[in-house]
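Single-letter residue listing:
2 protein chains.
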Amino acid sequence: MKVRVEVRLKPGVLDPAAATILRSLHRLGFDDVQDLVQVRAFEVDIAKVRPEDALADARAMADQLLANPVIETYRLDLVE
Amino acid sequence: MKVRVEVRLKPGVLDPAAATILRSLHRLGFDDVQDLVQVRAFEVDIAKVRPEDALADARAMADQLLANPVIETYRLDLVE
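Chains S and V, in that order, give the protein sequences.
For the first sequence, the working numbering begins at 737 and goes up steadily by one.
For the second sequence, the working numbering begins at 737 and goes up steadily by one.
Chain S on its own, in the form it takes in the complex (with noise of 0.2 Å):
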C-alpha cells in the first residue's frame, strides 16, 4: 500500500525560506501573490495488505523520524 505523509510546520511557526521564497516572486513580477507555505511530503510504500496497518505504520514513521512533533504537523493519505 501506498501511504502519503504531508508535513508541514504547525501555524505561527517562522519560515524564513518560505519568506524568501516569497520575496523573490515579488521581484520577479509576481505582484499578486499574498502568501506562499511550503510543504514536505513523503509517499511511502508499505508491504502490508490492510489499509489500517499501513496507516498505522506511516503514523508510527511520522512520530519517530519523518516530523518533528515539536514544530510540525503531519497528515496521513492512503493514496492506493
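These are computed hints drawn from the structure, not numbers from a lab.
For each residue, glycine too, the CB sits at the ideal point set by N, CA and C.
There could be a bad hint or two in this list.
Okay, the calculated beta carbon distance ranges per label pair [stated by the list, open to error]:
{"#": "1", "chain 1": "S", "residue 1": "I807", "chain 2": "V", "residue 2": "D789", "range": "28 to 36 Å"}
{"#": "2", "chain 1": "S", "residue 1": "Q800", "chain 2": "V", "residue 2": "P805", "range": "31 to 39 Å"}
{"#": "3", "chain 1": "S", "residue 1": "Q770", "chain 2": "V", "residue 2": "S760", "range": "34 to 42 Å"}
{"#": "4", "chain 1": "V", "residue 1": "V815", "chain 2": "S", "residue 2": "I807", "range": "17 to 25 Å"}
{"#": "5", "chain 1": "S", "residue 1": "D767", "chain 2": "V", "residue 2": "P747", "range": "16 to 24 Å"}
{"#": "6", "chain 1": "V", "residue 1": "S760", "chain 2": "S", "residue 2": "G748", "range": "26 to 34 Å"}
{"#": "7", "chain 1": "S", "residue 1": "P805", "chain 2": "V", "residue 2": "V785", "range": "34 to 42 Å"}
{"#": "8", "chain 1": "V", "residue 1": "L764", "chain 2": "S", "residue 2": "G765", "range": "43 to 51 Å"}
Negatives, chain V to chain S, calculated, CB over 12 Å [claimed, not checked]:
{"#": "9", "residue": "L750"}
{"#": "10", "residue": "P805"}
{"#": "11", "residue": "I807"}
{"#": "12", "residue": "E808"}
Put chain V on the given structure of chain S with help from the hints.
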C-alpha cells in the same frame, strides 16, 4: 485563489536524502517499507479572480523559480 505546486524529481534522478531516510526507517524496524519518494509542495495564494489566471501565474512561477526543469517535474492543482 490558492494553487498548489507539487514538485518532484524526474524518474531516474537519484535522491540521496530519500535513500538515507529509507535506510533510517529500516534501522528503526520498519522493515515493510519498500520505497520512499520525497515531494516538495508550495501552496501559493494568488490575488486573481479567474482560476485560469491563477493557474497561469503558478505555472510561470514554477517554470522560473519553484522547480528546476532540468531534474524536476511539477503539477498544479487549484486548492480553492
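Now for the hints, and whether the structure bears them out:
1. I807/S <-> D789/V: 28 to 36 Å: For D789/V against I807/S, whose Cβ atoms are near 34 Å apart, the range 28 to 36 Å holds.
2. Q800/S <-> P805/V: 31 to 39 Å: Cβ of Q800/S to Cβ of P805/V: about 35 Å, so the range 31 to 39 Å holds.
3. Q770/S <-> S760/V: 34 to 42 Å: With a Cβ separation near 37 Å, Q770/S and S760/V satisfy 34 to 42 Å, so the hint holds.
4. V815/V <-> I807/S: 17 to 25 Å: 23 Å, holds
5. D767/S <-> P747/V: 16 to 24 Å: 35 Å, violated
6. S760/V <-> G748/S: 26 to 34 Å: 28 Å, holds
7. P805/S <-> V785/V: 34 to 42 Å: Between P805/S and V785/V, where Cβ atoms are some 39 Å apart, the hint holds.
8. L764/V <-> G765/S: 43 to 51 Å: For L764/V and G765/S the Cβ distance comes to about 46 Å; the hint holds.
9. L750: Holds, since 16 Å exceeds 12 Å.
10. P805: About 15 Å separates P805/V from the closest Cβ of chain S, which puts it past 12 Å; holds.
11. I807: Holds, since 18 Å exceeds 12 Å.
12. E808: Nearest chain S Cβ is 14 Å from E808/V, so the label holds.
Taken one by one, the earlier hints fail for this structure only at number 5.
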